[in-house]
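So the sequence lines, in the order shown, correspond to chains R and U. For the first sequence, this note's numbering puts the final residue at 194, and the numbers step up evenly by one. For the second sequence, this note's numbering puts the final residue at 194, and the numbers step up evenly by one.
I should point out that these hints are in silico values taken from the structure, not numbers from a laboratory. Any given hint might turn out to be false.
A pair holds if it fits inside one copy or across any two, identical chains being indistinguishable in the list.
What the hints assert, rightly or not - Straight line, CA to CA, 25 Å or less: simulated SDA-like cross-link-like pairs of lysine to any residue:
#, residue 1, residue 2
1, Lys151, Val90
2, Lys63, Ile153
3, Lys63, Asn150
4, Lys63, Pro167
5, Lys98, Asp190
6, Lys63, Ser187
7, Lys151, Leu87
8, Lys141, Asn118
9, Lys98, Ser56
10, Lys109, His122
11, Lys151, Ser56
Source: prediction; values computed, not measured.
Protein chains: 2
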Amino acid sequence: ARPRVGYFYSGKKTGQAVIDSMMNMKVKDFQSIPVVVSENISVYDAICQMFLEDVGTLFVVDKNAYLTGVLSRKDLLRTSIGNQDLHNIPVHIIMTRMPNIAFCLKTDGLIQAANKLIERQIDALPVVIEHPDGYEVIGRLTKTNITRAFLSLADNHDL
Amino acid sequence: ARPRVGYFYSGKKTGQAVIDSMMNMKVKDFQSIPVVVSENISVYDAICQMFLEDVGTLFVVDKNAYLTGVLSRKDLLRTSIGNQDLHNIPVHIIMTRMPNIAFCLKTDGLIQAANKLIERQIDALPVVIEHPDGYEVIGRLTKTNITRAFLSLADNHDL
Numbered sequence: 036a037r038p039r040v041g042y043f044y045s046g047k048k049t050g051q052a053v054i055d056s057m058m059n060m061k062v063k064d065f066q067s068i069p070v071v072v073s074e075n076i077s078v079y080d081a082i083c084q085m086f087l088e089d090v091g092t093l094f095v096v097d098k099n100a101y102l103t104g105v106l107s108r109k110d111l112l113r114t115s116i117g118n119q120d121l122h123n124i125p126v127h128i129i130m131t132r133m134p135n136i137a138f139c140l141k142t143d144g145l146i147q148a149a150n151k152l153i154e155r156q157i158d159a160l161p162v163v164i165e166h167p168d169g170y171e172v173i174g175r176l177t178k179t180n181i182t183r184a185f186l187s188l189a190d191n192h193d194l
Numbered sequence: 036a037r038p039r040v041g042y043f044y045s046g047k048k049t050g051q052a053v054i055d056s057m058m059n060m061k062v063k064d065f066q067s068i069p070v071v072v073s074e075n076i077s078v079y080d081a082i083c084q085m086f087l088e089d090v091g092t093l094f095v096v097d098k099n100a101y102l103t104g105v106l107s108r109k110d111l112l113r114t115s116i117g118n119q120d121l122h123n124i125p126v127h128i129i130m131t132r133m134p135n136i137a138f139c140l141k142t143d144g145l146i147q148a149a150n151k152l153i154e155r156q157i158d159a160l161p162v163v164i165e166h167p168d169g170y171e172v173i174g175r176l177t178k179t180n181i182t183r184a185f186l187s188l189a190d191n192h193d194l
């Protein structure tokens, strides 16, 4: 962070650049790789997958690879505390199902996607491509990605 | 979002204001209320507390109410899948312990705290007051708080 005292023109330019950066941020610039599982795997295997991939949200897809559900760490914790036999519970029983899933497109504005995360009180959105018969999952947008975007505003403009 | 074409002065002013906002953001302006538990409660009770309070991180305190540990949803999920008797495991066995806990002060800059969340790969920081013999927990700073801060930049400046 360089001192800006007396350098009015420089400050002005940087300021407008921060606004431009924020307005131009797209989901695709900050999204992560999605981790998907099949509807028929067990809750036990889903939890293992979550730890192996070190993510907080799994997306569930059908045999056509279209989105059918979402599993959060919270969903899995809720199920694991009440049930002793996690090997015999398929994830489709406990997942949040379409059409109750909030999602976004890679061309959506990051501000719009961040608003969706806050309004729906969720940790991640699937980034999808809409096909006539379903949604293909191509990314994952989380509050970690938004935190990185927030920091990139400061980094890029030397605050 | 009002059109800014041809209104150069207005745009310039807003731009500098966004920079000022980001640099002046403090932890205390965005922190949440902390949820604390005692070292001797069971993992089972900690999970219940997490759902009751609807948080992703619990802070563990000793009998003087000083910070001794942190419990994430991930810690609790890891323990709950491998163990059948969660009532008999005290949280102090599985928690992350001082001095391995990243924390922040309420007067810290939000950019600095957000950097800590990303570097340490954690979801929440305890906001503490330093006393000669320990750290008193007075708040909780999460990636949700950072996401709200990111959105407040857009809201306050009518992007």
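Those earlier numbered hints the structure runs against, lowest number first: Structure breaks hints 5, 8, 9.
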